[in-house]
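K.L.:
Sequence:
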Amino acid sequence: MTEVVTLKYWYDFNGELEIVEKQALVIALSTVVTANGECVSIEVIEKTDENGVVTFWQTIANVILPEEIVSAIDFEVMKELSVAEMFRRLAAIKKI
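Residue 89 in our numbering is what sits at position 89 of the sequence shown, and the numbering runs on without skipping anything.
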């Protein structure tokens with residue numbers, strides 16, 4: 001079952017560590033869809049620290065879209081779609 005969660009990720013910005021929160025749609029064990037900045041991604045979470053902050057992950061796929069579209073994505077609506085249908089719709093937006 002898919003669910004919408006908020007995850008925290010450790011990012012290294014030129015040697016400065018910063019925690020970035022992302023809304024995520026859990027689509028499988030340790031696999032999420034996130035929307036951040038100009039990118040919608042499928043990510044596999046490989047490691048978290050003792051506080052549950054994601055420290056290591058692999059990005060499997062990205063769809064680059066204008067930030068105003070990415071910021072408006074509603075995972076509560078999207079959780080009813082299959083992953084294929086979700087990315088088909090995102091790809092269709094990109095063509096417009």
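Hints may contain errors.
[Stated by the list, open to error] Distance windows between CB atoms, simulated: (1) ARG89 / TRP10: 16 to 22 angstroms; (2) VAL5 / GLY37: 34 to 40 angstroms; (3) ASP12 / ALA92: 17 to 23 angstroms; (4) GLU3 / SER71: 29 to 35 angstroms; (5) LEU81 / ASN51: 27 to 33 angstroms; (6) LYS8 / VAL83: 20 to 26 angstroms; (7) ALA92 / PHE13: 30 to 36 angstroms; (8) LYS47 / THR2: 34 to 40 angstroms; (9) GLU50 / TYR11: 15 to 21 angstroms; (10) VAL4 / ALA84: 26 to 32 angstroms; (11) TRP10 / ALA92: 19 to 25 angstroms.
[As the list claims (entries may be wrong)] Here are the simulated EDC-like cross-link-like pairs (lysine to aspartate or glutamate), alpha carbons at most 20 angstroms apart as the crow flies: (12) LYS8 / GLU76; (13) LYS8 / GLU85; (14) LYS22 / GLU46; (15) LYS47 / GLU76; (16) LYS79 / ASP12; (17) LYS8 / GLU21; (18) LYS47 / ASP12.
What the hints contain is simulated information worked out from the structure, not anything from laboratory work.
We treat Cβ as the ideally placed atom computed from N, Cα and C, and that holds for glycine.
K.L.:
Determine for every hint whether it applies to the structure shown.
P.N.:
Hint check results:
no. : hint                              : in the structure
1   : ARG89 / TRP10: 16 to 22 angstroms : violated (31 angstroms)
2   : VAL5 / GLY37: 34 to 40 angstroms  : violated (19 angstroms)
3   : ASP12 / ALA92: 17 to 23 angstroms : violated (34 angstroms)
4   : GLU3 / SER71: 29 to 35 angstroms  : violated (21 angstroms)
5   : LEU81 / ASN51: 27 to 33 angstroms : holds (31 angstroms)
6   : LYS8 / VAL83: 20 to 26 angstroms  : holds (23 angstroms)
7   : ALA92 / PHE13: 30 to 36 angstroms : holds (33 angstroms)
8   : LYS47 / THR2: 34 to 40 angstroms  : violated (22 angstroms)
9   : GLU50 / TYR11: 15 to 21 angstroms : holds (18 angstroms)
10  : VAL4 / ALA84: 26 to 32 angstroms  : violated (19 angstroms)
11  : TRP10 / ALA92: 19 to 25 angstroms : violated (33 angstroms)
12  : LYS8 / GLU76                      : holds (19 angstroms)
13  : LYS8 / GLU85                      : violated (26 angstroms)
14  : LYS22 / GLU46                     : holds (16 angstroms)
15  : LYS47 / GLU76                     : violated (25 angstroms)
16  : LYS79 / ASP12                     : violated (30 angstroms)
17  : LYS8 / GLU21                      : holds (4 angstroms)
18  : LYS47 / ASP12                     : holds (16 angstroms)
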